[in-house]
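J.: The residues making up each chain are set out below.
Number of protein chains: 2
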Amino acid sequence: MLGLMQDWPLLCHRIIEHAAKYHGTQEVITRSVEGPIHRTNYAEIHARALKVSQRLERDGIKLGDRVATIAWNTWRHLEVWYGIMGIGAICHTVNPRLFPEQIAWIINHAQDRVVMTDITFVPVLEKIAGDLPSVERYIVLTDRAHMPQTTLKNAVAYEDWIAEADGKFEWKNFDENTAAAMCYTSGTTGDPKGVVYHHRGAYLLAVGNVITCGMGKHPVYLWTLPMFHCNGWCFPWTLSIVAGTHVCLRAVRAAPIFNAIADHKVTHLCGAPIVMSTLLNAPAEEKKPLPHLVQFATAAAPPPEAVLAAMKDAGFNVTHLYGLTETYGPASINEWHGEREALGPPDQAAKKARQGVRYPTLEGLDVLDPETMQPVPRDGSTLGEVMFRGNVVMKGYLKNKVASEKAFSGGWFHSGDLGVVHPDGYIQLKDRSKDIIISGGENISSIEVEDALLKHPSVLHAAVVARPDEKWGETPCAFVERKKGHNKTTERELVAWCRDMLAHYKCPRHIVFCELPKTSTGKIQKFKLRERAKGVE
Amino acid sequence: MLGLMQDWPLLCHRIIEHAAKYHGTQEVITRSVEGPIHRTNYAEIHARALKVSQRLERDGIKLGDRVATIAWNTWRHLEVWYGIMGIGAICHTVNPRLFPEQIAWIINHAQDRVVMTDITFVPVLEKIAGDLPSVERYIVLTDRAHMPQTTLKNAVAYEDWIAEADGKFEWKNFDENTAAAMCYTSGTTGDPKGVVYHHRGAYLLAVGNVITCGMGKHPVYLWTLPMFHCNGWCFPWTLSIVAGTHVCLRAVRAAPIFNAIADHKVTHLCGAPIVMSTLLNAPAEEKKPLPHLVQFATAAAPPPEAVLAAMKDAGFNVTHLYGLTETYGPASINEWHGEREALGPPDQAAKKARQGVRYPTLEGLDVLDPETMQPVPRDGSTLGEVMFRGNVVMKGYLKNKVASEKAFSGGWFHSGDLGVVHPDGYIQLKDRSKDIIISGGENISSIEVEDALLKHPSVLHAAVVARPDEKWGETPCAFVERKKGHNKTTERELVAWCRDMLAHYKCPRHIVFCELPKTSTGKIQKFKLRERAKGVE
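Taken in order, these protein sequences are the chains called A and B.
The opening position of the first sequence corresponds to residue 1 in my numbering, with each subsequent residue numbered one higher.
The opening position of the second sequence corresponds to residue 1 in my numbering, with each subsequent residue numbered one higher.
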């Protein structure tokens, strides 16, 4: 019926191309804690990304090949990202906080051909390089003056390497279902799994962030979230498509965050709830007044009521997002409707703690009975498994058919999170399936117990896990980090506090005061605590 | 390399589905000039759109079938739009201001099976219905109480018709390259051409509007632009994806616009420059103070300097967009960078009059030499033809292979607009190819002459066309509409005014004072003036 057919794929690197052409002077700022502030802009980032593509192609890197990065948030990390995907290769962001043997395992599994690394990680790589046969070359993200002596194969300073390219290079089109990036799940159980992100999905999640976070034009975004973590939730693309300012930050500590917000008039930032408590509990001398209402998007765990209330008082508007590595980052949002402002603070916080509804660019989000694959009743109480499907859900794990098929059984991606659906259609997580504590046949949500603990004025962080118990099967065991100056708060006091708020069987039988083990992105590592809980008397 | 493949098409009606589920109480308001204000919301619109789909399917309408609408901006127009495309049928919006024989021509060309019409157009349709063999049924967009007696075949009141559906219906997925909507170009030369819009392109243009217009969350949009005109530039989808408030307006006159802005705290509206002059030249008693800075997106013709300056003073921020029916609406934007605010008002206006740069969701926009298909130099003076390519460019004209191939020769869509590219990459229209006046071998841009005339304090509208001339080939002939109370301004005065601003050969040889003929969307119909110019002595 129609005339000529044309095919214009959605490709994520085209975003920086557009931004460079028409918003070329928009800044990309990188701040270390003490050092000078580095400033560049979209035009430069794009020009250098083209050189990266050109240079990789000369090194024989082809569509589908994997190139690893082990790097913090800097302008160089941003530009190599675009440069790698620009030729259809896959940018494999490695979490630098992993143990060396874990890094070796995933580089071997991904069969990375090139590794680009911050100077800091050269010694670690030297230790494991003998066990990385797929890697042909190491590129150190620095210039000649700072290049260390190293035994790494074909090692070269990044600035020397790209200087060999003249940048007269054009990105070609390829299928939008080509992989653009990948990263590995943290692997709290079993081997890590490689989650592959495709151009189409990443483009649509980037657009989804623009819509759900109300990014407007030219926002100023502070990179507290690591770029290596789940594509930096796709914000490398989100920011560029709205021609915002990237403010890259290495150290996620209170003082540099407050300084950056004040200096650059930051409008948006993202982070786990732990970033919020870091800000709230900062010493007064590190805090600075905010230049305006700052949008804070949080994910990874439901924000506790006390934290939400304090963030509001501190001048942040908190938006609660939810997603997984497998969903390209956040794929659901707690949409906040004006009428909720009429509720009292505890009711508001209870509503805001819900994970909410799907992004407009996610096609399906529901809570299903994993046995029957039927949706649970919209009653706010029937537990099921949270499941996703659509463009912003990964297509599978790299070279792991068994895990991919299991994750997608019945046509939905199984999140492993247990939740309910409220009558208004908002979903709420009750727990990770493995974090549910089953005591005397009753399910206890570890989140509910943690929430009660976090309301106590002395508690900074809390994690509750199952402790094996002969009589009850399991009982709740709490690990608690107290705020500075609150070291006198006792176990008895906290148990009594919980008994005022929870059914008795839900209250912790044991409370251990300690610093909680956290991942590089601030998630509490419950698997470690579950091990420790076995020995708690 | 990967696990399961899944296909999640981008479908425009999914946008209202999402909005209804999670922003169900967001309002859709319809205002007539005098009558009561009608209020409904996304949940209702979606529920009724499902009934439209269900009812159409029962009437045998299938994927690819055309259903015409002849209607003003109302909630019913919005909901049938979604209902038609929801089953893969094509919503053919007919311009109600066309002559009856033109309406008949395009309904026959489109082979519309159903016509949905506002009550106002029943008499017109009755006159031509005998010549519309493809139409099986007429649905009058009203309820039983208002249903007129009519001879139209199988005529039914819309509310009765949808009441026969229970709404228990689900939209199925189909290919995103399925057509969603269509409309006919105004056809100033030759037969009108049917421009077909596909789901993928419309979805991406809707997203493009969100980004370029900085829509944020929950904007309040005033429908001064007709929905039937070029998909309402895709704003039916743009607004719904950001869960904004639709304020539908029938009469594009100053008083109802100012009233609507004040009553509903409108944040955004769109319109041709003529809407701006309507607002600016309104009598003082019709004007109302704006509740805040109002975003006004204009397209169709470059906004004249005087109008831009006056709009700024009146509290509007004008964004200049550019596109054609064939590009789904606006596909380029005059991106406004902060540093331009330092320029003086005439320089700002000169910069703002440029058509600008491509949308992030348009893959290609350039000015090419149509002979060689090579880009013109970026010098701001070499003339070429403006060309487009990408997802938000139509795939072709309905049943018109010859015109489609001609339009896409060399792989680019030929706009027929003549323009230049400035050193900063911004394009600027100099004229429609057919609007260029060639006088003594010199090209005269009609826009340039109009701009000069519009700067005169007495001139409300101006249009300049070629008048055949024995000696010079052509000379510029101006048609001018004077402002109220300025009827004493003479031809001689305006010619002298132009001579101060333009090379003499560019000044109008003739000036005719009259009301200018305009299309339903406010575009001046130059083809009529070209005819009249032949007889001007």
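Please keep in mind that the hints were generated in silico from the structure rather than gathered at the bench.
Wrong hints could be hidden among the right ones.
Where chains are identical, the list cannot tell them apart; a pair therefore holds if satisfied intra-copy or between any two copies.
[Stated by the list, open to error] Cut-off 30 Å, straight-line C-alpha distance, at most; resulting in silico cross-link-like pairs (DSS-like, lysine-lysine):
(1) Lys312 - Lys21
(2) Lys62 - Lys172
(3) Lys406 - Lys172
(4) Lys21 - Lys217
(5) Lys351 - Lys21
(6) Lys312 - Lys217
(7) Lys217 - Lys351
(8) Lys217 - Lys288
(9) Lys523 - Lys287
(10) Lys217 - Lys471
(11) Lys288 - Lys434
As the structure is a prediction and not an experimental result, all values here were calculated from the model.
J.: It remains to establish, for every hint, whether it holds in the given structure.
T.: Results of checking the hints against the structure:
1. In this assembly of identical chains, Lys312 and Lys21 lie within 30 Å of each other by CA distance solely across copies; the values are 28 Å between and 38 Å within a copy.
2. For the identical chains of this complex, Lys62 and Lys172 are intra-copy neighbours only, at 12 Å inside a copy versus 38 Å across copies, given an alpha-carbon limit of 30 Å.
3. For a Cα distance limit of 30 Å, the shortest separation of Lys406 from Lys172 across copies, 26 Å, qualifies, whereas the shortest one inside one copy, 36 Å, does not.
4. Proximity of Lys21 to Lys217 under the C-alpha cut-off of 30 Å is found in both arrangements, the shortest distances being 16 Å within a copy and 27 Å between copies.
5. With identical chains, the CA atoms of Lys351 and Lys21 are at most 30 Å apart between copies only, with a shortest distance of 17 Å across copies and 43 Å within one.
6. Taking the shortest Cα distances, Lys312 and Lys217 sit within 30 Å of each other both inside one copy (24 Å) and across copies (19 Å).
7. Both within a single protomer and between protomers do Lys217 and Lys351 lie at most 30 Å apart by alpha-carbon distance, with minima of 29 Å and 19 Å respectively.
8. Taking the closest pair of Cα atoms, Lys217 and Lys288 come within 30 Å of each other both inside a single copy (25 Å) and across two copies (28 Å).
9. For the homomeric pair Lys523 and Lys287, the shortest alpha-carbon distance inside one copy (24 Å) is at most 30 Å, but the shortest distance between copies (56 Å) is not.
10. In this homomeric assembly, Lys217 and Lys471 never come within 30 Å of each other (Cα to Cα): the closest approach is 59 Å inside a single copy and 53 Å across copies.
11. In this homomeric assembly, Lys288 and Lys434 never come within 30 Å of each other (Cα to Cα): the closest approach is 40 Å inside a single copy and 61 Å across copies.
In this structure, the earlier hints numbered 10 and 11 are contradicted, and the remaining ones agree with it.
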